[in-house]
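Please build the complete structure, drawing on both the sequences and the hints.
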Amino acid sequence: MERCRASSRETRIATYKANRLTEQVDWYSRMAHARDKQSRVWRRAALAGELIGVTTGVLKAYSALPLEISGVVSAAVAGITAWFQAHRLDTEAAAYSLTAREIRHILSLLDESASETQWAKFVDQAEAAISREHTMWASGRTGRVGLAD
1 MERCRASSRE TRIATYKANR LTEQVDWYSR MAHARDKQSR VWRRAALAGE
51 LIGVTTGVLK AYSALPLEIS GVVSAAVAGI TAWFQAHRLD TEAAAYSLTA
101 REIRHILSLL DESASETQWA KFVDQAEAAI SREHTMWASG RTGRVGLAD
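Those letters in the sequence shown? Residues 1 to 149, per the UniProt record's numbering, in order.
It is worth saying that the hints were derived from the structure and are not from the lab.
Treat the hints with care, since some could be wrong.
[Claimed, not checked] Below 20 Å or equal to it, Euclidean Cα-Cα: the simulated EDC-like pairs (lysine to aspartate or glutamate) are: (1) Lys37 to Asp26; (2) Lys17 to Glu127; (3) Lys37 to Asp90.
[Unchecked claim] Pair by pair, the computed Cβ-Cβ distance ranges are: (4) Trp83 to Val54: 16 to 26 Å; (5) Trp83 to Ser63: 31 to 41 Å; (6) Ala76 to His105: 40 to 50 Å; (7) Met136 to Ala6: 32 to 42 Å; (8) Ala120 to Gly79: 49 to 59 Å; (9) Cys4 to Ala48: 43 to 53 Å; (10) Met136 to Leu51: 32 to 42 Å; (11) Ala48 to Glu2: 49 to 59 Å.
Beta carbons: idealized from backbone N, C-alpha and C, even for Gly.
Here is the structure:
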């Protein structure tokens, strides 16, 4: 870090671009994709459970199924749905995707000929975007956001 701070402005800009912003875009994009995939899996599981529940209900109504399992199926579907809602995978996927797009936009605004003052302002804006998403993620995990002293 000390070597980076002591290097030229151009080197600091290139390092920040590659090792912070580009890495963050990659991470948020990967996480958005993973959460979206997980969300689809759990939605399909709930839908499959609902279809099984309807099928067992119809079979029971026509006395084709000697066992009463619709209650078990309903409880399983309710559990899957509750788990899915508690983890908010689709919401996280959307938030991660939005953050990746926002950082990509910030990268497009990067001016490698910026003065020290302009560069500092740019970094503040970029870090605010990353911090904003992290704050939202933390508040969803703990139910509250810690405030600075």
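Taking the hints in turn, this is what the structure says about them:
no.	hint	result
1	Lys37 to Asp26	17 Å, holds
2	Lys17 to Glu127	12 Å, holds
3	Lys37 to Asp90	9 Å, holds
4	Trp83 to Val54: 16 to 26 Å	21 Å, holds
5	Trp83 to Ser63: 31 to 41 Å	34 Å, holds
6	Ala76 to His105: 40 to 50 Å	43 Å, holds
7	Met136 to Ala6: 32 to 42 Å	35 Å, holds
8	Ala120 to Gly79: 49 to 59 Å	51 Å, holds
9	Cys4 to Ala48: 43 to 53 Å	52 Å, holds
10	Met136 to Leu51: 32 to 42 Å	35 Å, holds
11	Ala48 to Glu2: 49 to 59 Å	56 Å, holds
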